[in-house]
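4 protein chains.
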Amino acid sequence: MTRDDYIESLRRMKRRVFIMGQEVENLVDHPLVRPSLNACAMTYELAEKPEFADLMIATSNLTGQRVNRFTHLHQNTADLVAKVKMQRLLGQQTGCCFQRCVGMDAFNAVDSVTYEMDQKLGTEYHARFRRYLKHVQEDNLVVDGAMTDPKGDRQLSPSKQADPDLFVHIVERKPDGIVVRGAKLHQTGALNSHEIIVMPTQTLSEEDKDYAVSFAVPADAPGILMIYGRQPSDTRKLEGGRLDVGNREFGGHEAVIIIDNVFIPWERVFMAGEHAFSGQLVERFAGYHRQSYGGCKTGVGDVLIGTAQSLAQYQGTDKASHIKDKIVEMIHLNETMYACGIACSAQGKPTASGTYLIDLLLANVCKLNVTRFPYEIARLAQDIAGGLLVTLPSEQDLANPEVGPYLKKYLHSVDRYTTEERGQMLRLMENLTLGPGAAAYLTESMHGAGSPQAQRIMLARLADLEKKMELARRLAGIKERPSK
Amino acid sequence: MTRDDYIESLRRMKRRVFIMGQEVENLVDHPLVRPSLNACAMTYELAEKPEFADLMIATSNLTGQRVNRFTHLHQNTADLVAKVKMQRLLGQQTGCCFQRCVGMDAFNAVDSVTYEMDQKLGTEYHARFRRYLKHVQEDNLVVDGAMTDPKGDRQLSPSKQADPDLFVHIVERKPDGIVVRGAKLHQTGALNSHEIIVMPTQTLSEEDKDYAVSFAVPADAPGILMIYGRQPSDTRKLEGGRLDVGNREFGGHEAVIIIDNVFIPWERVFMAGEHAFSGQLVERFAGYHRQSYGGCKTGVGDVLIGTAQSLAQYQGTDKASHIKDKIVEMIHLNETMYACGIACSAQGKPTASGTYLIDLLLANVCKLNVTRFPYEIARLAQDIAGGLLVTLPSEQDLANPEVGPYLKKYLHSVDRYTTEERGQMLRLMENLTLGPGAAAYLTESMHGAGSPQAQRIMLARLADLEKKMELARRLAGIKERPSK
Amino acid sequence: MTRDDYIESLRRMKRRVFIMGQEVENLVDHPLVRPSLNACAMTYELAEKPEFADLMIATSNLTGQRVNRFTHLHQNTADLVAKVKMQRLLGQQTGCCFQRCVGMDAFNAVDSVTYEMDQKLGTEYHARFRRYLKHVQEDNLVVDGAMTDPKGDRQLSPSKQADPDLFVHIVERKPDGIVVRGAKLHQTGALNSHEIIVMPTQTLSEEDKDYAVSFAVPADAPGILMIYGRQPSDTRKLEGGRLDVGNREFGGHEAVIIIDNVFIPWERVFMAGEHAFSGQLVERFAGYHRQSYGGCKTGVGDVLIGTAQSLAQYQGTDKASHIKDKIVEMIHLNETMYACGIACSAQGKPTASGTYLIDLLLANVCKLNVTRFPYEIARLAQDIAGGLLVTLPSEQDLANPEVGPYLKKYLHSVDRYTTEERGQMLRLMENLTLGPGAAAYLTESMHGAGSPQAQRIMLARLADLEKKMELARRLAGIKERPSK
Amino acid sequence: MTRDDYIESLRRMKRRVFIMGQEVENLVDHPLVRPSLNACAMTYELAEKPEFADLMIATSNLTGQRVNRFTHLHQNTADLVAKVKMQRLLGQQTGCCFQRCVGMDAFNAVDSVTYEMDQKLGTEYHARFRRYLKHVQEDNLVVDGAMTDPKGDRQLSPSKQADPDLFVHIVERKPDGIVVRGAKLHQTGALNSHEIIVMPTQTLSEEDKDYAVSFAVPADAPGILMIYGRQPSDTRKLEGGRLDVGNREFGGHEAVIIIDNVFIPWERVFMAGEHAFSGQLVERFAGYHRQSYGGCKTGVGDVLIGTAQSLAQYQGTDKASHIKDKIVEMIHLNETMYACGIACSAQGKPTASGTYLIDLLLANVCKLNVTRFPYEIARLAQDIAGGLLVTLPSEQDLANPEVGPYLKKYLHSVDRYTTEERGQMLRLMENLTLGPGAAAYLTESMHGAGSPQAQRIMLARLADLEKKMELARRLAGIKERPSK
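Top to bottom, those sequences are chains C, P, Y and F. With this note's numbering applied, the first sequence corresponds to residues 1 to 484, in that order. With this note's numbering applied, the second sequence corresponds to residues 1001 to 1484, in that order. With this note's numbering applied, the third sequence corresponds to residues 2001 to 2484, in that order. With this note's numbering applied, the fourth sequence corresponds to residues 3001 to 3484, in that order.
Among the clues, some could well be false.
[To be verified] Listed below are the simulated SDA-like cross-link pairs for lysine to any residue, each with C-alpha atoms no more than 20 Å apart in a straight line:
no., chain 1, residue 1, chain 2, residue 2
1, Y, Lys2324, P, Ile1457
2, C, Lys467, F, Asp3325
3, Y, Lys2349, Y, His2030
4, C, Lys209, C, Arg181
5, Y, Lys2174, Y, Ala2221
6, F, Lys3324, C, Ser451
7, C, Lys134, C, Gly64
8, P, Lys1085, P, Glu1048
9, C, Lys120, C, Thr351
10, C, Lys467, C, Glu480
11, C, Lys408, P, Ile1224
12, F, Lys3479, C, Gly241
13, P, Lys1409, C, Asp260
14, C, Lys479, F, Asp3415
15, F, Lys3408, Y, Gln2396
16, Y, Lys2324, F, Arg3154
17, Y, Lys2324, P, Arg1461
18, P, Lys1319, C, Ile457
19, C, Lys319, F, Glu3466
20, F, Lys3319, C, Ala454
21, Y, Lys2324, C, Glu329
22, F, Lys3349, F, Tyr3115
23, F, Lys3319, C, Ile457
24, C, Lys151, C, Lys134
25, Y, Lys2409, Y, Gln2396
26, C, Lys14, C, Ile224
27, P, Lys1467, Y, Asp2325
28, C, Lys349, F, Leu3055
29, F, Lys3120, F, Gly3273
30, C, Lys209, C, Gln155
31, C, Lys14, C, Asn261
[Claimed, not checked] Label-pair restraints from in silico Cβ distances:
no., chain 1, residue 1, chain 2, residue 2, range
32, Y, Thr2418, F, Glu3329, 39 to 47 Å
33, C, Ser157, Y, Val2179, 54 to 62 Å
34, F, Glu3480, Y, Lys2409, 53 to 61 Å
35, Y, Arg2173, C, Glu206, 53 to 61 Å
36, P, Glu1480, C, Lys408, 55 to 63 Å
37, F, Glu3051, C, Thr63, 40 to 48 Å
Keep in mind the hints are simulated off the structure, nothing from the lab. All C-beta atoms, glycine included, are put in the ideal place defined by N, C-alpha and C.
Just chain C, with the same shape it has in the complex (with noise of 0.2 Å):
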C-alpha cells in the first residue's frame, strides 16, 4: 500500500466522526484532520524510498515478506534501535506525532503475553493473535493501539465506579463473539486508522474481570464512534492562509472513541477475562510506548532546535556566546532522551514467542526525562525566539497593502533573509511551544504512554533497592543479616 492507497483506503470507509459538533463526511480532505492524516502518510511514503529502506521495512517473522516496520514485531535488539532511529526521522520529517505508533506499540505488547497467557491457561489467543498481525502486514494497516480508559473517579476501581461503563468491558458473551462497551480517551490518529485495538488500562484484579479485555476492531464498526479533541490554535488550519499555521503540511490529533455494545468476533479477541495478565499486557505495551518516545519527540526537538538557530541568524543573534550555549543545552538534552531510548532498545531481551523486549528500567526512565527535557527545550527555543514569537500580526495584516509595508519594513533583521521567512520560523516555532505542535511536544510528552508518577512508580518496583543496600554495607563493613 502506497501512500496514495493509504488515503484512498481511508476515503471508502465509513468511520462516523464528530467534529467541533458536526458529524463530518469526507474525513480525508477535512483541513482539521488532513495534517493529521499527511503525517500518518508519511509512515507509507518513508517507506517507499530507497534511502530509509532499512529504517522503515523489515522482514516480517510471520511471512519472511518485506513489511512496512510499523507493523513488525521486533526480531532482535537491531530491530529495537531501529525502532527508534525510524521515529527520530518521522518526528523529524513531520514535527509532529506521526501517530502509528501506538499499533506497533500494542503488536508486540499483545503478541508476548498472549503467547505467556496460552502457555499458562491454554488459551488460544497467540494463534488468533498472528492470524491478524498477519493481515495488518499484508494490508500494510493503520491500527490504533487504545488503552487509556476515561476512568472516572482515580480512587475507585473499575467495578467500584458509579458507572460501569468507564472502563471498557465485557457486556455480553456470546458464542461466536464478545459484546464490549466504554470509551477510549486521547486516542492519537484514530481518524487515520483502518483499525482498533484495544487493550485494558490497568492491572486487574479478579472482581475486575470483565474489563480484562482485549481485542481488534475496524475503526468503522457499527458502534464505534469518534470525536476529535481540540487542540490549541486549531482553528487556524481552517484560515486558509500558509504563515499562520506554523508547520505548514503536518499535524496530530487525539478523539474519543465510543465503543457502543459493540460486536467482536471470537477471531479478533485476544483477551476477555484473564485478569492476572492484564498488568503485563499495559506493562509492555507501556514499556514500548515510553521506549518510542526516546525517537519520535527527539526528531521533533531536531525541528525545534533547527528553528531556533535559524531565528538566531535571521534575527543576528546566533554568533552571541548565550546563544550558542542554549542551542548546545537544547542538543543536550535532546540527545540524552535519544539515548535512553536507544539504550533501552539496545539492551532489550527476547520474550518466550521471541519477539524482543525494550530493557524496561530504561524504557521508564527514557520517557521520565521525556516529561521533562522537552519544556525546557521549548522554553529555550523562546528564550532565543524573542519576544515577536507572541506578537507578530497575521499574516493577513502582512497582506494589507496598507499595514503590510510597515511591517515587512519594521519588522525585518539581519539584511539577507526575508521578513516573511523570518515569520515562517517564528509561526513554526509557535506551533511547536505554544500551539497544536505543543499539545504532542509537551503534553503529550508528558501523559502520553503514562503520566510522569506511572514511570516512577515502575522505577521503584524494577530498581533492585536490596541489591543496593548490600553494596553499600559491605563497603561500609557492617556484617550481613537477614534483610527486614
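Use these hints to put chains P, Y and F onto chain C, whose structure you have.
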C-alpha cells in the same frame, strides 16, 4: 474616572488599528480586544472598592489628591511594596496581563531621570514631565509605556542599520516641537491606552543621539497606527462560546505601533538628544518593570495553582502524595518570585527627584527567576491536569444531542463535580499554559522587561565582585595587593 | 563584653566536653575548637566597630540600653531586616557558621509564645523569660538555642519510643524546679556558649506533655555533657600548617549535648507541660531560623563566589564567556536566597507580645531555597576551579626542598599570581565545598532549621489553596458552591 | 597475574613518590595508598571469578588469548557495552575510582590514531604500539593514561607560555629515542601503575609540534617522580580506626607526575611531532573516557543510593512518600547516565584499524550529564541522611567508657539496627558526598575526561545544526537557498 467612564473615553477616541488585515472601527466591542479591555478596566474597578483602596489608591505628591496608583510616583518603600501587591491582586483577578504597568513604570523612570538630566545639563524636562503627569493623574489615564524598537539586525547600532527607522528617532526639530518616526513592538495593551509615552530602547552613543528621544503622544494622534499581534488560540474569542475560550472574561494583547512622522510639541518632549542619559532611563524603566513581574505573574501563578488543585479534586487525585508535592512545588516557586518582588521594593532608595527606585540588583534577580519558574509551574500544572488538557472535544460537541451525552457520561469523574466544570477548568489551564494566557504567563515572562540575558548583564555589573574576592582573599590568608 | 572578655569568660567556665574520645580541659585554645570560637567572637568584634553599629547593635525594648543584636527582641520590620543583613555580614567575614543565631531566634520565639501562653492559661512564663533575657542582654551572653532531639525511630512519638529519654523531658517536678533528662543533637556552637535554652522539637499531644518543656541552663551546669561532632577534614586544623586548612582562622562545630538529670529552678523554666503551645514554639523558632539562613548562607555564598572568581583570574579563565556566565548564575542564586530573607523580614508582623515575627510562608520559602541553591553554587564553583581542587599536593610538599620547586614551577599559572596564592584559594574552596565549611554551607543548609520536608509541610499549610481555587473558578466561569 | 601477583609486582618497583612532604619507600603498605591499591587490585580479583568472566575477560585480537578487558582493544559494540558494564560492576564493588580505565582508554585511542597516522604519513607507530600492547596484555599490566598538562596560563598555547615545560614536550631527539620533559596533573592511580602512557593534552599547531608527543614509560624510570594529591579527610586513613574512614577498604588517589628529562627509546614512542593528529588523539581518548563515566560513576551511584535507602530504614523514614520519591529520583538520574554510557557504546563504529570507537556525540552527552547528576544525587542523599551526617561524634567517642554509652543510647533509632550500623552508613555517605569519595564522585565527575565546557564544544561541533535548520525550513515552507 470609573470603569465605565474609562470604556466610554476609549470609545470616543479615533484610533487607527488593524486586526487580522482589517481596519477596525469599534475597538471597544471587538471580541478579540474586549477581554483585554476588561482586564485593563479592572484597574479602575478595583480602585472603586474600599477593600482594595490601600493598594489601588495613593496620595499624589504632585497634587495631594487621591490618585490611582498606576499614575503615582513612588514616595517610599511602602509605595513600592504596595505596587507589587496591587499587581498580584490584579493578576489574581484577571488571570492575564492587565497592561497598565508599563505606563506606571515609565512615569517613575522618566521622573527621576529628567530631574537628574536637568541638574546636569540645565534642561527643563522634569517640570514639563511633572505637568504632564499631573494631567495623567487628574484624568486617570491609561498610558502605554513604549520602549522596544524593532532593532533590525541585532549586531548593528541604530544609525548603522540599513534602514534608519528601525529605532524611533527625531527626523526634524522645529521651533514648536519635533517630528519622530519609527515603530515600537510588543506594545502591551496599546489598544486600550489613551496615551503613549515613548522611551529609547538602549544605551546610545553620540552618533545615535537622534535616537535618544522620549515623549508623550495621544494614542490617536495623526501618524500613529497600531497592528494587533496574534496570540495562540486567539480566535476562540470569535467562536461565541463560553467554554473553549478558557478565561471567560479576560485576556491581553500586544500590538505593533507605527509612528509615522508624528509631530510632538515641546511640552510633551522629555528627552531629545541627551544620549548620555538614555542608558539610565532604560535601566530604571527596566528595573521597575522587572520588579512588576514579581507581582503580576505571581497573581497569575495563584490562578494556575488554583486551577491545578481544582482539577486534582475534580479527578480524585488531590489526596495522592505526589500531587500534593507538586502543588507545594508550584507554591514554592511562585512565592520565591513574589519574595524577590517584595525584597527589591523593601530595599528601595530615593532618587534625587524624591521618587523611590527599587534595589536594581534584586529587581533583576526577580525578573531572571520569572524567566524560569512560570515554565516549571506550567509544566507541573500540566502534569496534574492529565492528558485531557489537549484532547478535550469542543463545547459544540458537549452540546450536540448525539455525542454530548456520551461525553458527559465518559468524562464524568468525581461524583460531586460535573463534566462541564471539569471542562471549564481544563480550558482555563489550556489558556494559561498553551493559549493566549501562556503568551503572557510564559513568553512575556521570558521577554517582557528584557530577555534573560539583559538581566544577567545587569547582575554582572551590579554584583560587587571585587568585594567578594577581597572577602575570599582575607579568609584564605592572601595578602592584599593592588588588584589586576 | 568585648571579644577578649568573651573569650576570657569562656575560659572561666567548667564545661565538660569530649573531643575524639578525650575529655578536654582547655577548650578555648584547642585547635579543633578555636576556629569556631574565633567565628563566634566576631559577633563581639564587629559590634565594637562603628561602621557596623547599625547592624550589630540595637536598643533594647527591655532596658532602653544598646545591646548586641544577637540578644535583641525584634521591635519592627527594620529590626528583622537588620538581622538578615547582620548575618550576611558575619557570613562574609567568617566564611562559616558563627553560631550565635540559634539563641537569638530562640529568644524571639520564646518571648511571643510565653506571652500568649500566659494570656491563655494564666501562667507566668513571660515575665520570667524577660527577666532572664535582661540578664542575657546585660551580660551579652552567647546562648545555644537547643531544639533537635535524637527522635529515635522517626515513626514513633516521644512517649512511644522504646527509650523514654529520646526526647528531652521532665523526669521530676519539685517545689523549686524541675529535673530534666535527654539529649539535643546538632548543637551549633555549643562549646562556645555560656548558656543553653532548650525547646521542644515538635508538636506534642496530651500524652507527651512531659516533653513540652523549655528552659535555660548554664552550659557548665552539673549533668550537662557535650560531645564534639566530627566534620570532614577536621583534623587538618591539628596539622599545624597554614595552607591546607583552607579557612585560615574560622570554622564551626556542632555537638551532642547530654542532659543527664539536670535540675532547673522555676525561674528558668519557660514551659513545663503546656503541650498545646509546643507546636507554635517550634513553628516560630523554626520560622526565625529559616529567615536566618537567607542571611548567613548568602554571606558564605559571597565568599565562595569571590573564591571562584579569584581562581578564574589566577588561572586565566576569567574572560571566558562560560565562566562569566557561571559566576552570574552563582550571584543570581545567592541573591535569590537573600531576597527571600529580606522579603519575609519586610513582611513581618507584630505578635501579641510586641515582638515582631517574620512572614512565615516566605521564611519557609527562603529556607527551602537554601536547601537547594548552595549545592548548585558549590557545583558551579567546582566547575570553575578545575580538577586541582582535589589533586593539589600538601603544603609540606610545597615546602619540601626536592619537590617544592617542581610544584611551584608546574602549578604556576597566570604570571602575576603565585602558586601559593592559587593553592590558598583552592584550599578555601575545598573547605567550603568538600571540607568543614561544606558541613555548614551544604549539609547544614539542608537540615538546619528543619529538613526540606518540614518546610514543604508548612507551605502546604500556609498557602491558601481554597482562595486560589476560588480565583480559578471565577475566571473559569464556575458558579460558586460550598467547597468539598 | 592475580591480585596478589599484582601487589607483589608493585612492591618490586623502585618508584619515587612523595606523600605529604616525605619520600615514601614502602608504597604498597602505606595507609594513604593502600585503599587505592585495593580498588585497583579488584580489576584482577574480579577477573578471577567465573561469574564476572564475561565482563572482565576478553579475547585479544592481537594474540587470541584471554586477556583482562582493561588491556583489550574493543572489537565490536558488544565489547564497548561490556566495558561500561564492567565499570559499573567495579564502581559497585569499590565505591570509588579503581583507576585502571585511563590506560584502557589510552590504548584504544592510540591504536586507531597511530593506524591512521601511519596510513597518511608513512610512519610506523601502529605496529610499534601493538607490540607494546601485546606486552601489556601478556603481563596484564596497569598503565596510567596521562593526558592533562599543567597548562599554565590558560589563555596561552604551549610554546607561548613563559615556561616552555608547562606542557610535556620533546627536548631532544636522539638516534635511539627522545628526551622529554614536563609534568602531568591529576594522574589517577599513578602510584598503582606499572607503566605510564603519555598523550598530548590538546589540539596543537605547527609551532607547537614538539608538544605533539605520545609514548610509554615505566612508572619507575629515572626522571619520573610522583607527588600524591591530598583529598578531603584523607588522614582519617591514618587514624587507625574502622568507622570514621567511611569506605572500609577502598579509596582512590591522584598524583602529579614530574617527567624530568626522561629518555624514551623509539620502540616506545607513538607520536613525535605529528601535530595534525594531536586533536584526534585527544578527542578519541576523551571520548572513550567520557563513555567510561557512564559506567563507573553509576556503580558508585548504586552504592550511594543503597546508603541512602539503608539510612532511611535505620532511621524509620523509608516508608515516607517523600523519601521514596527522592530514592526514585536518585535512581532515575543514575540510570540516565548509564543509559548514555550504553547508548554511545551500542552506537559505536569501527575505525580504520578495526578498533571500535564509541559514538562521540553521545559519549559527550554522557559525560555532560555526569558533570551534573552526581551532585544532585549527593544532595538528595544528604537530604535523606539527616544532619547527623556532619555532626556524628568520632569512633573514639563511641568507644569511650563515659560518653560511648550515652551515644549508643541517644543515637539509637529503629530497634532492629544498632547505633554502630547507623554510624557506619553515615560515614560511608560522608565519604561519598563530602570526603575522599566525593573527590571522585563529584569533583572528578566534573573535570575528569575534560571539564563540562569541553563537552559542550564537542556537542556544538558534532550536532549537525545545518541539517536541523533544513528540517525546520522545510516544515515552515521556506524555500531552500544557499545557506549563509
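Pair hint outcome, Lys479 (chain C) versus Asp3415 (chain F) [Cα-Cα no greater than 20 Å]: holds (17 Å)
Distance restraint between Lys467 (chain C) and Asp3325 (chain F), which requires alpha-carbon spacing of 20 Å or less: holds (19 Å)
Restraint check for Lys3349 (chain F) with Tyr3115 (chain F), where alpha carbons must lie at most 20 Å apart: Holds: Lys3349 (chain F) and Tyr3115 (chain F) sit about 16 Å apart, inside 20 Å.
Hinted pair Lys2324 (chain Y) and Arg1461 (chain P), Cα distance within 20 Å: With a Cα-Cα distance of about 11 Å, the restraint between Lys2324 (chain Y) and Arg1461 (chain P) holds, given a limit of 20 Å.
Given pair status - Glu3466 (chain F), Lys319 (chain C), alpha carbons within 20 Å: Given that 20 Å is the threshold and the Cα spacing comes to 15 Å, the pair holds.
Pair hint outcome, Lys2324 (chain Y) versus Ile1457 (chain P) [Cα-Cα no greater than 20 Å]: Satisfied, since the Cα-Cα distance of roughly 10 Å is no more than 20 Å.
Restraint status (C-alpha distance of Lys2324 (chain Y) to Arg3154 (chain F) at most 20 Å): holds (15 Å)
Status of the given 53 to 61 Å range, CB of Lys2409 (chain Y) versus CB of Glu3480 (chain F): Cβ of Glu3480 (chain F) to Cβ of Lys2409 (chain Y): about 57 Å, so the range 53 to 61 Å holds.
20 Å Cα cutoff - pair Lys3408 (chain F), Gln2396 (chain Y): Not satisfied, since the Cα-Cα distance of roughly 39 Å exceeds 20 Å.
Given pair status - Glu1048 (chain P), Lys1085 (chain P), alpha carbons within 20 Å: Satisfied, since the Cα-Cα distance of roughly 17 Å is no more than 20 Å.
Distance restraint between Lys120 (chain C) and Thr351 (chain C), which requires alpha-carbon spacing of 20 Å or less: The given pair, whose Cα atoms are some 14 Å apart, holds under the 20 Å limit.
Proposed proximity, Asn261 (chain C) with Lys14 (chain C) (alpha carbon, max 20 Å): holds (18 Å)
In this structure, the earlier hints numbered 3, 15 and 24 are contradicted, and the remaining ones agree with it.
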